[in-house]
Every structure is written in C-alpha cells, then in structure tokens.
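As they're listed, the protein sequences go chains A and B.
Residue numbering for the first sequence follows the UniProt record's numbering, beginning at 1 and increasing consecutively.
Residue numbering for the second sequence follows the UniProt record's numbering, beginning at 1 and increasing consecutively.
Keep in mind the hints are simulated off the structure, nothing from the lab.
A few of these clues could be false.
Because identical chains share one entry, a pair is satisfied inside a single copy or across any pair of copies.
Derived DSS-like pairs (lysine-lysine); straight-line CA-CA distance at most 30 Å [as the list claims (entries may be wrong)]:
#	residue 1	residue 2
1	Lys-59	Lys-23
2	Lys-35	Lys-59
3	Lys-134	Lys-160
4	Lys-59	Lys-24
5	Lys-24	Lys-35
6	Lys-23	Lys-35
7	Lys-134	Lys-59
There are 2 protein chains.
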Amino acid sequence: MQFSSALLEAAVNEFSRLPGIGKKTALRLVLHLLKQDESQATQFSETIARMRSEIRFCKRCFNVSDGDLCTICSNAYRQQHIICVVENIRDVIAIESTQQFNGTYHVLGGVISPLDGIGPDQLNIDALIERIEKENTEELVFALSPNIQGDTTIYYIQKKLNGRNINITTIARGIAFGGELEYADELTLGRSLQNRLPVEKYMNR
Amino acid sequence: MQFSSALLEAAVNEFSRLPGIGKKTALRLVLHLLKQDESQATQFSETIARMRSEIRFCKRCFNVSDGDLCTICSNAYRQQHIICVVENIRDVIAIESTQQFNGTYHVLGGVISPLDGIGPDQLNIDALIERIEKENTEELVFALSPNIQGDTTIYYIQKKLNGRNINITTIARGIAFGGELEYADELTLGRSLQNRLPVEKYMNR
Chain A
1 MQFSSALLEA AVNEFSRLPG IGKKTALRLV LHLLKQDESQ ATQFSETIAR
51 MRSEIRFCKR CFNVSDGDLC TICSNAYRQQ HIICVVENIR DVIAIESTQQ
101 FNGTYHVLGG VISPLDGIGP DQLNIDALIE RIEKENTEEL VFALSPNIQG
151 DTTIYYIQKK LNGRNINITT IARGIAFGGE LEYADELTLG RSLQNRLPVE
201 KYMNR
Chain B
1 MQFSSALLEA AVNEFSRLPG IGKKTALRLV LHLLKQDESQ ATQFSETIAR
51 MRSEIRFCKR CFNVSDGDLC TICSNAYRQQ HIICVVENIR DVIAIESTQQ
101 FNGTYHVLGG VISPLDGIGP DQLNIDALIE RIEKENTEEL VFALSPNIQG
151 DTTIYYIQKK LNGRNINITT IARGIAFGGE LEYADELTLG RSLQNRLPVE
201 KYMNR
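Isolated chain A (complex conformation) (with noise of 0.2 Å):
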C-alpha cells in the first residue's frame, strides 16, 4: 500500500499490529479517526494510554481492577468463600454476563502446559493456596477449559489441596444448549452420559 502522508502510515501500521486487523481494514479505521472531530481521536487515544498506565491487578484475585481491590472482591454482596478459578480475564467477563454465579474469582493466568512450556510456577496457583487457608475457602469451582491442560491443572491444584476440608467442584460439561447430539463428539457425549441429572432437576433450572 502507498502512503502519501507519513503520519497516516504510521498509524495505519499501528493499527495492523493488533490482532486480526490487516493493513486494509487499519486504513478503515484510522480514515474514521481522521474524518471524526479532533477531541474523538483524542480522547480514543488517550482513554487507551490511561487504561494501559493505570490498569491494575486486583491482589488478591488478578482480575484487572482500578484499585487494589476489584469490584467484585470489594463487594460485600458476594460470596467470599465461594471462589471460582479461571484461566483468563476473559472468562470472568463470560461467566460474569451470565449472571449465574455471585461468588469471587481467581484468575490463573493459563493452564498448566508443559508443551508449552508453562508450569505450575508461572500461573498463579501459589497465591490462590495461600488465599484458600487465609480465608477459610469453603467452595472451589474450576471453570477451565474441557482439556487435558485443563485438567492437568485442577488435578494439580486438587492434590495441592490434600486433607483441606474444602467443597471442589468443576462445571458442568455436556451436550450444548441448541447442539444437536450425532455432531458431540464421542467423549463429551459420553461424560453427558455418565453424569446424568435427574429430570427433575434439569427442569427446575
């Protein structure tokens, strides 16, 4: 692609350095910016550099948070001894727009993979150890990703645990709500088997 202005190409190509965004659809939005009103692009600019700069990690549970604290450890209206452990920020944010689940969380930062190179160590497992003897943790849920890394984890963080009377649970895997039974592949058809749940109690939901 040729520039004329080199203002415009520099954006443009700090545009196409974000994920899925290619060079054609950069030029789209830095065009937006430029025919918007000047305090638009200035205040998408500095919104991004503020959030950057002053985002921080809740200390106790590594959710991003303004504070030291995050909202959702902050809030007295919530379960505190009901800990739910994801993998990313990003799973809160889904398990949050369900609206289903009013305890904490604790943000692991991945999953136990030695392939690619991540261990114990590098996740935040330590720390969710010490907050569950801290704080009395009554119900651990695992909200990991149905795989062996994920599985790894929580029967890593299980055996961490050994002896703690403490309530360990995982979501519940199964056929999807609207998916059709001869595409589920053979194991999560399989567990849904295994696990079944009395109508009674489906219904109720």
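Start from chain A and add chain B according to the hints.
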C-alpha cells in the same frame, strides 16, 4: 458485558465505536494491548493522537499530507499536467498501489448526490476548476465510481470546463479480470462491447 474495571470498560467502549468493531472484538484488542509492554500501548495511542492533530490536507489536491503540499504534488518526477479526479483518499491509495499512474490527483471529497444533500458546493470542484486554469492542465482523468452520482459529477465538471482545451478521459469500465461473463450485469457487459479494444492494444498492456 460486565466489566470489573471502569478503565477497561472505557477502553472497550472507545474501540467498539470504530466501524465494524463490536464489543467482543474491542475486548480482544484491549486485552491484547494490556498484555503488551506498556511502551507499545503508549506508542499506539501517541501515534494515533499525533496523526489526528498533525495531519493536514494538501492545499493543491486535498489528499492527506504531512505538510502544505503532499508528497505526490511536490514530486518533480510526476506529470503535473495530468490530474486524476477521485472521490476520496482511499481511492488515491488504491490507484497508487497499481503503480500505473504517474500524474497528480484531485480529491473531490465525495460525489454530487442530491438525495444525500451533497451539491457541487460541498465538494472541492471550484478548487479543481481554478487549479486547471492556473496550471494549464492537459488531461483530466476521472476515476469515480461507475454509478449515477459519479456520472453526474463527471457531467457537471465537464460542463464547467466547456470551451477549455483539455483532454477529458475516464478509467475504462468493463468486465473485471477473473470475472465470469455470465455473471456480469447487462450494463457493464453492454458498455464493454461498445468500448471494445483492438486485440493488439489489449495484448500490449
């Protein structure tokens, strides 16, 4: 979507205000910037802010420019007596990318479209006429979209130049390369028959 950080939410909102970017994509982009080094995010926001505040429009052709004149207008190796009339900056970039044009441009900033309330006065048409008179332009190449608005604009400018000794052309319209004859619309196919080329001329391209 529920966010536990107002800073994060503000950044996501800014991104999702851009065309074609929804909340989920915006979140992905913001989390990407959050994962990067702080200097990367700072550079991103500074480049955008600088582009918006410092960019100017070439006072001769209305293309984006870093100075008074754009790099195309100030390039002595380009044929300054040929002007290609385009709708917007994007068209300049598209034509420049073909590397088949060595003249200059004139960006109209749109086309005449009474239905959208855009008349000749809102476009850079007067500046074009003045420029042609001052510079003794030899050829005017219209590269406007092939629709009624584009044709109206060509007709209007042509009328304004009535009596001037200037060569007025328009880019060829016909079947696109790789296009299938049977799917071409009748107007395009009809025009491409009317404007057929001698094979030698076509093959020499």
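Evaluated hints:
In this assembly of identical chains, Lys-59 and Lys-23 lie within 30 Å of each other by CA distance solely across copies; the values are 27 Å between and 38 Å within a copy. Taking the closest pair of Cα atoms, Lys-35 and Lys-59 come within 30 Å of each other only across two copies (17 Å); inside a single copy the shortest separation is 41 Å, beyond that limit. Proximity of Lys-134 to Lys-160 under the C-alpha cut-off of 30 Å is restricted to the intra-copy arrangement: shortest distance 15 Å within a copy versus 83 Å between copies. For the homomeric pair Lys-59 and Lys-24, the shortest alpha-carbon distance between copies (26 Å) is at most 30 Å, but the shortest distance inside one copy (40 Å) is not.
In this homomeric assembly, Lys-24 and Lys-35 come within 30 Å of each other (Cα to Cα) both inside a single copy, at 17 Å, and across copies, at 24 Å. Taking the shortest alpha-carbon separations for Lys-23 and Lys-35, both the intra-copy value of 18 Å and the inter-copy value of 22 Å come in at or below 30 Å. Taking the shortest Cα distances, Lys-134 and Lys-59 sit within 30 Å of each other inside one copy (14 Å), while across copies they are farther apart (68 Å).
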